[in-house]
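S.K.: Okay, here's what each chain looks like letter by letter:
2 protein chains.
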Amino acid sequence: MLGQMMDDALTITSIMKFAMKVFPDTEIVSVTGDNPRHRSTFGKAFTRVHQLANALSKLGCAPGDRIATLAWNDYRHFELYYGISCSGYVCHTINPRLFPEQVSYIVNHAEDQWIFVDPAFLPMLEQLQAELKTVRGFVVLTSKAAMPETSLNNVRCYEELIEAEADSFTWPELDENSASSLCYTSGTTGNPKGVLYSHRSTVLHCLGTNTKDTLALAPDETIMPVVPMFHVNAWGSVYGAAMAGTKLVFPGPKMGDGETLATLINEEGVTFALGVPTVWLALVNYLQESGSKVESLQRLVVGGAACPRSLMEAMDAYNVDMHVGWGMTEMSPLGTYNTLLPWMHDLPEDEKFAYRLKAGRLIYGVEMRIVDEEVNELAWDGKVSGRLQVRGPWICKSYYKLEDSDAHLPDGWFDTGDVATIDQYGFMQITDRTKDVIKSGGEWISSIDVENAAMGHEDVAEAAVIGVPHPKWTERPLLVVVKRPGSEPQKADLLGYLDGKIAKWWIPEDCVFVEEIPHTATGKVSKKDLRELFADYSY
Amino acid sequence: MLGQMMDDALTITSIMKFAMKVFPDTEIVSVTGDNPRHRSTFGKAFTRVHQLANALSKLGCAPGDRIATLAWNDYRHFELYYGISCSGYVCHTINPRLFPEQVSYIVNHAEDQWIFVDPAFLPMLEQLQAELKTVRGFVVLTSKAAMPETSLNNVRCYEELIEAEADSFTWPELDENSASSLCYTSGTTGNPKGVLYSHRSTVLHCLGTNTKDTLALAPDETIMPVVPMFHVNAWGSVYGAAMAGTKLVFPGPKMGDGETLATLINEEGVTFALGVPTVWLALVNYLQESGSKVESLQRLVVGGAACPRSLMEAMDAYNVDMHVGWGMTEMSPLGTYNTLLPWMHDLPEDEKFAYRLKAGRLIYGVEMRIVDEEVNELAWDGKVSGRLQVRGPWICKSYYKLEDSDAHLPDGWFDTGDVATIDQYGFMQITDRTKDVIKSGGEWISSIDVENAAMGHEDVAEAAVIGVPHPKWTERPLLVVVKRPGSEPQKADLLGYLDGKIAKWWIPEDCVFVEEIPHTATGKVSKKDLRELFADYSY
Numbered sequence: 018m019l020g021q022m023m024d025d026a027l028t029i030t031s032i033m034k035f036a037m038k039v040f041p042d043t044e045i046v047s048v049t050g051d052n053p054r055h056r057s058t059f060g061k062a063f064t065r066v067h068q069l070a071n072a073l074s075k076l077g078c079a080p081g082d083r084i085a086t087l088a089w090n091d092y093r094h095f096e097l098y099y100g101i102s103c104s105g106y107v108c109h110t111i112n113p114r115l116f117p118e119q120v121s122y123i124v125n126h127a128e129d130q131w132i133f134v135d136p137a138f139l140p141m142l143e144q145l146q147a148e149l150k151t152v153r154g155f156v157v158l159t160s161k162a163a164m165p166e167t168s169l170n171n172v173r174c175y176e177e178l179i180e181a182e183a184d185s186f187t188w189p190e191l192d193e194n195s196a197s198s199l200c201y202t203s204g205t206t207g208n209p210k211g212v213l214y215s216h217r218s219t220v221l222h223c224l225g226t227n228t229k230d231t232l233a234l235a236p237d238e239t240i241m242p243v244v245p246m247f248h249v250n251a252w253g254s255v256y257g258a259a260m261a262g263t264k265l266v267f268p269g270p271k272m273g274d275g276e277t278l279a280t281l282i283n284e285e286g287v288t289f290a291l292g293v294p295t296v297w298l299a300l301v302n303y304l305q306e307s308g309s310k311v312e313s314l315q316r317l318v319v320g321g322a323a324c325p326r327s328l329m330e331a332m333d334a335y336n337v338d339m340h341v342g343w344g345m346t347e348m349s350p351l352g353t354y355n356t357l358l359p360w361m362h363d364l365p366e367d368e369k370f371a372y373r374l375k376a377g378r379l380i381y382g383v384e385m386r387i388v389d390e391e392v393n394e395l396a397w398d399g400k401v402s403g404r405l406q407v408r409g410p411w412i413c414k415s416y417y418k419l420e421d422s423d424a425h426l427p428d429g430w431f432d433t434g435d436v437a438t439i440d441q442y443g444f445m446q447i448t449d450r451t452k453d454v455i456k457s458g459g460e461w462i463s464s465i466d467v468e469n470a471a472m473g474h475e476d477v478a479e480a481a482v483i484g485v486p487h488p489k490w491t492e493r494p495l496l497v498v499v500k501r502p503g504s505e506p507q508k509a510d511l512l513g514y515l516d517g518k519i520a521k522w523w524i525p526e527d528c529v530f531v532e533e534i535p536h537t538a539t540g541k542v543s544k545k546d547l548r549e550l551f552a553d554y555s556y
Numbered sequence: 018m019l020g021q022m023m024d025d026a027l028t029i030t031s032i033m034k035f036a037m038k039v040f041p042d043t044e045i046v047s048v049t050g051d052n053p054r055h056r057s058t059f060g061k062a063f064t065r066v067h068q069l070a071n072a073l074s075k076l077g078c079a080p081g082d083r084i085a086t087l088a089w090n091d092y093r094h095f096e097l098y099y100g101i102s103c104s105g106y107v108c109h110t111i112n113p114r115l116f117p118e119q120v121s122y123i124v125n126h127a128e129d130q131w132i133f134v135d136p137a138f139l140p141m142l143e144q145l146q147a148e149l150k151t152v153r154g155f156v157v158l159t160s161k162a163a164m165p166e167t168s169l170n171n172v173r174c175y176e177e178l179i180e181a182e183a184d185s186f187t188w189p190e191l192d193e194n195s196a197s198s199l200c201y202t203s204g205t206t207g208n209p210k211g212v213l214y215s216h217r218s219t220v221l222h223c224l225g226t227n228t229k230d231t232l233a234l235a236p237d238e239t240i241m242p243v244v245p246m247f248h249v250n251a252w253g254s255v256y257g258a259a260m261a262g263t264k265l266v267f268p269g270p271k272m273g274d275g276e277t278l279a280t281l282i283n284e285e286g287v288t289f290a291l292g293v294p295t296v297w298l299a300l301v302n303y304l305q306e307s308g309s310k311v312e313s314l315q316r317l318v319v320g321g322a323a324c325p326r327s328l329m330e331a332m333d334a335y336n337v338d339m340h341v342g343w344g345m346t347e348m349s350p351l352g353t354y355n356t357l358l359p360w361m362h363d364l365p366e367d368e369k370f371a372y373r374l375k376a377g378r379l380i381y382g383v384e385m386r387i388v389d390e391e392v393n394e395l396a397w398d399g400k401v402s403g404r405l406q407v408r409g410p411w412i413c414k415s416y417y418k419l420e421d422s423d424a425h426l427p428d429g430w431f432d433t434g435d436v437a438t439i440d441q442y443g444f445m446q447i448t449d450r451t452k453d454v455i456k457s458g459g460e461w462i463s464s465i466d467v468e469n470a471a472m473g474h475e476d477v478a479e480a481a482v483i484g485v486p487h488p489k490w491t492e493r494p495l496l497v498v499v500k501r502p503g504s505e506p507q508k509a510d511l512l513g514y515l516d517g518k519i520a521k522w523w524i525p526e527d528c529v530f531v532e533e534i535p536h537t538a539t540g541k542v543s544k545k546d547l548r549e550l551f552a553d554y555s556y
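If you're matching them up, the sequences are chains H and R in order.
Numbering of the first sequence is given in our numbering, commencing with residue 18 and proceeding in unit increments.
Numbering of the second sequence is given in our numbering, commencing with residue 18 and proceeding in unit increments.
By construction, these hints were calculated from the structure, which means they are not laboratory data.
Accuracy of the hints is not assured; some may be wrong.
It does not matter which identical chain is used: a pair holds within one copy or between any two.
Here are the computed lysine-lysine pairs in the BS3-like style, where the Cα-Cα straight-line distance is at most 27 Å [what the hints assert, rightly or not]:
{"no.": "1", "residue 1": "Lys452", "residue 2": "Lys541"}
{"no.": "2", "residue 1": "Lys489", "residue 2": "Lys545"}
{"no.": "3", "residue 1": "Lys310", "residue 2": "Lys521"}
{"no.": "4", "residue 1": "Lys61", "residue 2": "Lys271"}
{"no.": "5", "residue 1": "Lys521", "residue 2": "Lys452"}
{"no.": "6", "residue 1": "Lys38", "residue 2": "Lys489"}
{"no.": "7", "residue 1": "Lys38", "residue 2": "Lys400"}
{"no.": "8", "residue 1": "Lys161", "residue 2": "Lys61"}
{"no.": "9", "residue 1": "Lys400", "residue 2": "Lys34"}
{"no.": "10", "residue 1": "Lys541", "residue 2": "Lys456"}
{"no.": "11", "residue 1": "Lys369", "residue 2": "Lys38"}
{"no.": "12", "residue 1": "Lys369", "residue 2": "Lys452"}
{"no.": "13", "residue 1": "Lys400", "residue 2": "Lys61"}
Remember, it's a predicted structure, so these values are computed and weren't measured experimentally.
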């Protein structure tokens, strides 16, 4: 028997309509290439979204078409998010930091029809133009006055394009499972793969991450997404802010600039900001060097990489509470968020940090499990580690145009490729990547834990741990170290230093020194290259 | 084009599974007829829910069966909510305060198969038993030791029923649109009508009302639902608490007892409670008489009836922030919630109270409009009033077994039967019931506003305003007053007192004194009876 409740669809359009009615005066402040401080509101922006929808229609866009953006975080990108998705097209956000050949692959794979591009990224498109087979034209995100010269064909100016249009538009009644946006993951191997979000997954992710214990957006907050809008929809914050009536501050191209971030925080009253650890390192370095403060700032969420304790302590000194979040492009992205349980606040400092530095507590809407190699579920005891798998309505089912090779496992779970522990309070901790895990004597050694311990030594600039074959134990860890300039650490000292910091049998058999550790395009240690480098090493 | 995200269903089962994994130790504290302070946890309660599911299956329940409860707020009722709905049956909560003939009508209309009943309500069922045609048996919510004598046929004891069962159960994979629960509205006229909630509507209501600006449940809160679980699922709080890991305190039969409520708040550290104004009046009266305090209590939500300013001020004195919420059984129930916008906190006292006393700000997930008699949408200016209509995924589409007479209008909106204003910030204010509105010279007069103004006069014990025919103005308001004992107010004084408090043309033409104003079964002024009483009155 079915319930008798209304069938209204969960759509991004409903977020827009709500914000226009209830929060028309809430501000959207942006840094753009042509304006160091542009001021808009939800009312103004969504009025322009109506004009944009008319313009998109005249450009010949058809339902389901992929419309690409190559843009920084600003009000025009905000307008594109809603204008494209609410019209029934797919907003395909492209990471401009990718190698040009990856951008070309992605545009062709997605069959993008139009590309909306920030002037800063025109040179890359000019270089790629001949390869972009499906693109019918380009719209430059700027005003007529600031319109640059370009060798691109069929180019329009964003402000000119929309200014001629009416500000009323009849939005289509969309199925909530309609595709709304597309984001490619750039794995370390193989071609990038597209995650195709739906209106439903976007709205549910937004509701699920807007609870008091997670992002907790509301009209009394001002948020600054320093995580790019081309990276998993700025972690959903661009939708969440409109749903919650939260003032938005967009740093545009100035994402890594500590001084600009501090100025925006202070002048716009930012209370909450989102970004990766390097961004907050840049901010804290600027604060320490300049003696500036960020008094309005109460919370940060840090994700994308593990947060160093030193960074968290530095932010504590500014009364800024750092929350670790964890997720993936395939997860919209959020799966866990670190808010301590009430009793954890009273723990001794080190124990409290141990919790604060974990990837966070599972949020409702995501199911999580850790399993062994026979897919037996493992205990949530904070000790046993296993392959981390997730499922839920905002998790990827299959990659775009790879419907036949399901992203998820036969029993409905998505394998994250991570190895993790989960404790009895639902706090998850990544211990390794599945492919980097070291199997020794039938047990797993966490390369991440060993690396973190080794990095604590003052003579170590960088450390990485890989497994190498061992006649008795199958594999044993090998510690690879880049010395800090001017220091001359000895093997025995380094290995001895680990004693007491990690399990005794996790201590590597050997330590080798190298000039440089290989990294991937996104700055992560390339364990694959490292393993090739030491392919002939044997104990 | 459809998105490629997982199809996982939004079910109450997912809330249960999440809470069992992440919040097993979170407490559920109850007052019951047989135990003044019962302590359980989500872990224990949901383990018993598995036993209950096995028992329900053995009782012969089939998918979609309506299983009724006649019970107070306590842990056993909590278990029934999840055990019945997650098994694929419909949890039909019956209001034991209804007239016996209404209970009988409702049970027969719903075709309830089993009734789970608190010992306190056995006498009513014994009296009705012969009329209950579909009921196959009764389960008394108590232990074997406390099992009362009863003349009911086929009676079981709840604790005996479940204790024999295994604590594992394979939950059915439910369609998210499956019916989960049923609650009848008891209108002032006609038979009660059933609202049939779905798993989807329940989960979405829960997510939508758990934002920071609404119920904001989290593990650092302890909530006490003083609104009955037989009244719109205790406003959803029973699901929300499990989703958010919030400790639950259930007052059982002691809902109107100020002393019990104060004791529970203080001893269990309640931070947030939900109830109707009379409940909070009882609490504040107790506090004032006893000199007790409620220091843990930070917030109250008040709904079901307008909140008097005096009550809000009294709670302010105890540092308890009262939030008005508004909704209906047909709305799951929440549509608006009163959290001030940041700048409103700085308003002069009277203006601030004017906002605080409104029905609240529209929440995302509900669409709202006010319309005139030709269904033209009216402005959100806080002045113009019109028929209040709503829509959204947790609003009733049609009543149970009344599928053909849709509850909603042809264009998809549900007419609330209220007349309201909405201001530019999305704050709604009920000004009248549609059927009580007074039409004078083509304009509407708010009977509620006139009544509230008249009630401010010290000699008025109760006041009601109705429209009576008028040769020139179609209708004019008539003020009906019950004098305060010992006072002798004069017509001219009372009508003069209104001058300056309401629009001049709203001031009634006449005032009549009565011994008593007729009330409905639920304690509201019966305007219908009042209009009949003054049917012969003419200007």
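S.K.: If a hint holds in the structure, say so; if it doesn't, say that too.
M.R.: Outcome of the hint check:
{"no.": "1", "hint": "Lys452 with Lys541", "result": "within (14 Å within a copy, 68 Å between copies)"}
{"no.": "2", "hint": "Lys489 with Lys545", "result": "within (23 Å within a copy, 90 Å between copies)"}
{"no.": "3", "hint": "Lys310 with Lys521", "result": "neither (44 Å within a copy, 56 Å between copies)"}
{"no.": "4", "hint": "Lys61 with Lys271", "result": "within (24 Å within a copy, 52 Å between copies)"}
{"no.": "5", "hint": "Lys521 with Lys452", "result": "within (23 Å within a copy, 79 Å between copies)"}
{"no.": "6", "hint": "Lys38 with Lys489", "result": "neither (69 Å within a copy, 39 Å between copies)"}
{"no.": "7", "hint": "Lys38 with Lys400", "result": "between (50 Å within a copy, 16 Å between copies)"}
{"no.": "8", "hint": "Lys161 with Lys61", "result": "within (19 Å within a copy, 66 Å between copies)"}
{"no.": "9", "hint": "Lys400 with Lys34", "result": "between (47 Å within a copy, 22 Å between copies)"}
{"no.": "10", "hint": "Lys541 with Lys456", "result": "within (22 Å within a copy, 72 Å between copies)"}
{"no.": "11", "hint": "Lys369 with Lys38", "result": "between (43 Å within a copy, 22 Å between copies)"}
{"no.": "12", "hint": "Lys369 with Lys452", "result": "neither (30 Å within a copy, 59 Å between copies)"}
{"no.": "13", "hint": "Lys400 with Lys61", "result": "between (52 Å within a copy, 24 Å between copies)"}
This entry does not satisfy hints 3, 6 and 12, going by the numbered hints stated previously.
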